Each structure stands twice: as structure tokens, then as C-alpha cells.
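**Student:** Using the hints, position chain B against chain A.
Each chain is listed here by its residues.
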Amino acid sequence: MPKLKKIAAIAVSALMAVSTLGTGAFADQPYDGYNYDWWGDPVPSQTGYVVDRVVSAKDLKTGKRYNSVDQLKDIAEKTGKTFFNNKEEYLEHQAKYEAYDKYKDAYKEYEDYLEDLEKYNEYLEKLAAYEEYQKDPEGKEEVKKPREVKKPEEVKEPEKVEEVERVKEDDALMPEIELTTFTEPRDMFIDDDTGKLYIVDSGNSRILVVNADFSGDVEVMDFFYNPETDGYETLNKPRGIFVRHDYTIEDENKQTMIYIADYDNGRVLAVYEDGTVFQQFTKPPSEFYDDKVTFQPSKVVVDVAGNVYVCIMSITDGAVMFAPDGTFSNYYGANRVEQTAQAIANKFWKTILSREVAANFIQAVPMEFSNFDIDDEGFIYTVTEATKDTQTDIFKKMNPAGENILINLGFSEYTYGDAASYYYKNTTYRSSINDVDVDENGTIRLLDYTNGRVFEYTDECDLLFIYGGSGDQKGLFKAVSAVEAYDDIVYVLDSAKQSITTFKRTEFGDIVHEAMSLYNEGKYEESRGPWNEVLTRDSNYWFAYIGLGNAELSQGNYELAMDYFYRNSRSGYNRAFKQFRMEFVRSNFNTFIIIIAVVVVVGVVLSKVIKYMKKKKAGGK
Amino acid sequence: MRFDLDMPAWKWPFYVAKHPFEGFEDLRWKKAYNMKVALVIVLCLFLVTVCQHVMTGFLFNTTYVKIFNIVPLLVQTIVLFFTWVVGNWSLCTLFDGEGNMKSICVVSAYALVPYIITQVVVIIASNILERNEEAFIIFFQYFGILWSVVLMISGIKTVHQYTIPKTLIAMIFTVFAMVIILFIMVLLMSLFQQVYIFIYTIYTELMYRFSL
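Chains as they are written, first to last, in our numbering: chain A, 1 to 621; chain B, 1 to 212.
Honestly, I wouldn't trust all of these hints.
To be verified - For the chain A half of the interface with chain B, some residues (derived, Cβ under 10 Å), not all of them:
| id | residue |
| --- | --- |
| 1 | TYR34 |
| 2 | PHE83 |
| 3 | LYS87 |
| 4 | GLU178 |
| 5 | THR180 |
| 6 | TYR573 |
| 7 | ASN574 |
Just so you know, these hints were derived from the structure itself, not from any lab.
Note that this is a predicted model, so its numbers are computed, not measured.
Yeah, the Cβ is synthetic: ideal placement off N, Cα and C, and Gly gets one too.
With the rest of the complex left out, here is chain A (with noise of 0.2 Å):
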């Protein structure tokens, strides 16, 4: 027995050891997946999204020029800069400016001994001029003793070198260049239809395109060739990014358009793919701008029509509007004013006072939005910073009228990122949202500036994911500036880490995805099952409650639905359970209206036989 005893001992303790070394395998995740449950209380979920790669300007090294050679010697003569072949001539060229540099020292050093030898020489003749007085001195003038002066070191004359004129590395102009960092780069464009990556390098005042597998060349874009004054414009801190295709143009030349927001030169810049500036957007006439507040665009998105939608962050109007031939339009979609008791209590006293007291009231104004993106039947997307105090209009999606079409879809307005504040010494963190994105599918992307999170909605804004954190390692952000995303894959811009993140979708992402897609081309009961797989994997997963209850809704099995929308949905229940009844009601007709009368005729019977008795009682006393 007691042998028995040790051999399952040392199994048991055999087993417990190996099991050890299976887990620790998944803690690959540098950020804890979290979903928010009905109530607004986070719950610990499976994570959609995982890291894949950080690229870096080193990991892309060799950016080519867009520019021809022929219009890089061009933009050389124009500009006083000097043209270069490839990296190895400037480094010639520099050996030889170096080599000329050494000559011209050691040519002036030989200069210096040429005058000490003059003046060696002068010495030698005084010398030779006192000895010859102090010999006979008589009837001659004086000659004093020269002071000495030493023979000087021979040097040689150096060889003949050729003159170079030095060329500052700024100044050279290269049709490659070498991409050692981005510096502040703010924005990020993924064009759909060629799948290439346009990056905003605004410190280095520049474009970089690449595919969005980052494989290929870099191509950099920073010189524009301008038609009208035959000049060269360059970019000041760009810091936004818009491309449009329009495929009715026959020229192919013409059909995919750049939209650059060139900050610091205050306008945006629309270039065809090859460079050619065709447009410029500059500050409206006065009479439609504030001639006091600057024009200095941060983002630009362009509709369908060409009509230019600029993000200004120094005008609360909304954003600018041009037409397609670049004339002010009209200010678009702008944020409501939040709603505090102040200016409720502004409001009040402005209804009652005079307008000469009223106006020196503080304006309520609200909160200029910071980014936007459209989709591709033209809704504008936009998303503005939450401060302390201003939590209105945080993400809109509005309607070509400016008016926001997320208000009205369910009972209450809806909450955005974290959905609790949260306070750690002494500062207070709320999500803070500086991007969105939509993808063709409609998923909605924002990009929390605060913690470094990606928070995933459906179109109709229920939170699929959470991905993204801060902090250093791979996966966390410090400043992040942008996001996009592309196929399965979403790239993330980190302005303080100078790197795009990107991040691939895990298998349970692509269930959620897959039954989302499923529900969405209306096969209500092929989702099912994606769903069921979602709940099996995490029972917490909100959302895959309210698919399946749609399924069911959508199925006719109203109750089953209800119990699936229970404490998930309100909408949802509400119109289950509105269905519901009313199949009850028409089911049990019949048992109504007989119960109803059983119950009539029971009464007033009753009723009757109590009278009876009563009068009874009375004739009796």
C-alpha cells in the first residue's frame, strides 16, 4: 500500500509541475482586454486586437524622392541648393571639400613661412650690414644690432588641390534620402484602393508613403512643383492628411489627389500624385473670417463632391468649408454649447435683461472639435477633447446638414471612451479623444489620448473592444497622435515614441467581426453561431448578447430574445417585449375574455347576494 501511496504521490507532484509550465505562455499582452458591462462597470474581457509590429524611420531606412532627378536639379537651381546623384557623391564631394579645406590651411601655413623667411632674410641682411659697421665703424652712421630673429622651419609647398565650395547637409539635395526619425509626426492617411500608407513627418516638414505592409520604398514628398509661379513649395509642420481618388477624370495623372494641412504656412495644399500643386486653400476674405484669429489647418478631410472640410483649432464655428474651386462655402457642424448651470443661468438673465448688459456677459461658446474623418457615403465623423468641464459632443457622426444623427438612436446619449474618470494624484484622468476612424465596414475607431487606448464601436456605437494602454513597452503609447486601419490590421502613430504601432486582430476579434458582418448583411441565423462561439470564449462579452438577441428577435422567438437583451439592452428588450405581447395577447384572447366575464358575472352576483343579505340583516333587526 504505502508504494502505492508514493507512486501516485510523485504523479500527482509530476503533474502539478507540468501544468506550471503551460501557463505564463499567454502573458504575451502588455495591457489587460476590459469591456464595459450594461451598467458602465468594467469587466475583464478577452482582447480583440494584439500587437504585431512597432515600425520605426529606422525600420523603413531609405526614403526615395518623389521628384524626378530632372526636377530635383530644377528645384537645385531655384532654390541655391546643390544637386546630388546618391549619399556616396555628397560624401566625394564632401571628402574633396575637406581635402581642399586642408589644403587651403596648409597652403596659408606655407604662406606664413614664406613672410618668415622674407623676414629671416631682412635680418640676415642687417646683419650683414651691423658687422660690417662695427668692422670700421668712422665716419659712418650708426647701425644698430638688428634683433635676432630665428631661421625658420622649413615647410613645403603643398600640391595644388581644386577648389570645392562647401555644401551643408541641408542643402544637398538627394533623390534618396536617409530616414533616421520622424520627428512629431502628427497624422496618418491609409489610402483603401492602392493600400499605401501616407505618414505626416510635420517636424521634418515632410511626407513619407509607404505600402502598408511596409515593405518597398519610402517615397518622401517635400518639394511641390507649382505650375502658376514655375516655383517649388515646400511644406511648413504639416499636420494633417486627406487623399481622394475621383476616377471620372480621364487624365490618370489627375485622378488620386493629396489634401496636405500645412500648419504653419497656413493653407492647405492640393497636389495631384505626382507632385503637382493644383489648388491652394488659404484664409477666407474678412467678411466670412475673423481677420484676428489665424488660419492655421490641423486636419482637412474631402467629401465625394471635392467640397474641402478643414479642422482649425482656433474657431469654434466648426470647421471651414470650401467649395471644389476653393471659395469659402460655409462653416460646418459645430459643437453645442455644454450645458452648465452657468450658462443656463446666463441664459435666463440674458432673456431678462437689457442686450446692452447682456453683452458683456462671458459668451458661452463651445468646445472647436479636433479631428474628423468621413466615410463613404459622406458622413462626417468628429471628435473633440473632453476638458474638465466640457463633455458634449465628444464624437458626432453628422449628416451632410451638420447635424449630429447619434443623438436619437437610443434613450440616452451615448458615453465615449473610459466611461469613469478616474483620479490619481491629484489630477484627474478622463479619456481624452484626439481621432477617429471608420473603416468600410463602418467600424468605428477613436483613439484615447489620455491612456493610450483604441477603443473599437460597432456603426451603431457599441463597443466592441479596448486595446492600447501608456506606458513603454511594446504596445503602450506615450502621445499617441493617430490611427487607422487597413484590412484586419490597425496602425496607431505615437508622436513621442516616433513609431507606428501596428496591431493584428485575434481569432476571437475575427468571431466577433465575422458574426458581426453575418448580422449585418441581415443572415440573422447563420450569426448565431459565431455568437455562441463569442459566449463560449468569454461569457462576459456584452455585445454578443445583444447580436444574438437580435437574432433571435429577428427569428420570431421573442421570448428567448427578452432573455437575451435582460439587463444588455433596453432598446432591444423594448421591442422584443413589445412583440412579445402582443402575440400573448392574441394567443390567450379567448382565456382573457373568458376570465374577464367569469370574473363580471362573479362579481355582480356577489354583489347581489350581499345586498340580499344586508336587507336581510335590516328586515331581521
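**Tutor:** Positioned in the frame of chain A, the structure of chain B alone reads:
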């Protein structure tokens, strides 16, 4: 029928509710104040409040039911009711009120009956109605509250033999009195806690000192 006032004690609250103005006069005249009925009504108020938290339909339930804690509900109903009674009594004895503690308690409890009944109706309706029919629920809720307030004013007026303006002023000041009472109660509780901690500390100190 109306003047046949020889009815059992449990019928009085309903009679009063049906006759908001003369009911209390009759109650006073018959001296039919019954403490047991009043206490049952207060208990019903508490039960209805609990039911409201637990049984209101999902579509209309705004409470955070993840955690159910009965203590706040107790404070909201029973403690608040008796604070009202004590506050009103202590105020109105100073202002020529004729009511004593028992009559104030009974009258206030009787006045709550419409509120309790409509709450029951609302709880049932919230499980039958859908979101678009919310108006019915709101109507019932306000109707019950209004009726109870009218009864309360009428009852306090009758009990103390006040005029209506004086009743209203007395009721407003009763609310202030309640605030003060509750404040003092919280203060007392924290003081007692301090005393308890003090005694407990001495006890543990002694235990260590003499290593008992």
C-alpha cells in the same frame, strides 16, 4: 352610509383616502387613531419600496440592482417617517398644535395609503407596459404622490387645528427640523463610535499590559 362611522379600524385609512377633507375631521371626532394600523401601513411603505427596487420591470428600472442593500431603503422609509413624526410633533407643540405624538403618527401613516397603492399599480404596470407607454406610469406616480400630499396637508391641519397657510408653513419647517434631527443623529452616532473605539483601545491595552 357616509355617516355610519362605526367601522373597524382597518377601514379608516381607506375612508380617509376617499374623503380627503372631512375624513380626518371624522377621525378626530371619533378618536379612532389606531397605532397598529399605522405601523402596518409604514411597514407596507417599506415593503413597497423594496418591491419597487426588485420587481419593477427592466424597461423602467433605473436602480443599480447589481448590489441590493436594504439599509438605505430602511432609512428612506421607516427612519424618515418617524423623523417626520418627531419633527412635526416637536415643532407643532411649540406653535399651538393640538396633536400629540400618536395622532400625528397615525394621521401621517394614513396619508401614505394612496402613495402605496399607486406604487403597487406602477410596479405591476411596469411589467406590462412598454417604453412608449411610459406616460401612464408617470401619471400614476404623480397622481399617488399628489393625493398623498393633499391628504398629509389635510391631516396635519386637522390634527393641530391649524389654518391652511399655517399648516403649510409648519410642514416646511418640519422638513428643516428633520434635517436637524438627522444631522444630530449622525453626529451622535459618530461620537458613540469614538467612545466605543476609546473604550475598546483601553480594553486591549489592559489586556496586553496584564497579558490576560
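**Student:** Now tell me if each hint is right for this structure.
**Tutor:** Outcome of the hint check:
no.: 1; hint: TYR34; in the structure: violated, 17 Å
no.: 2; hint: PHE83; in the structure: violated, 71 Å
no.: 3; hint: LYS87; in the structure: violated, 65 Å
no.: 4; hint: GLU178; in the structure: violated, 58 Å
no.: 5; hint: THR180; in the structure: violated, 54 Å
no.: 6; hint: TYR573; in the structure: holds, 6 Å
no.: 7; hint: ASN574; in the structure: holds, 4 Å
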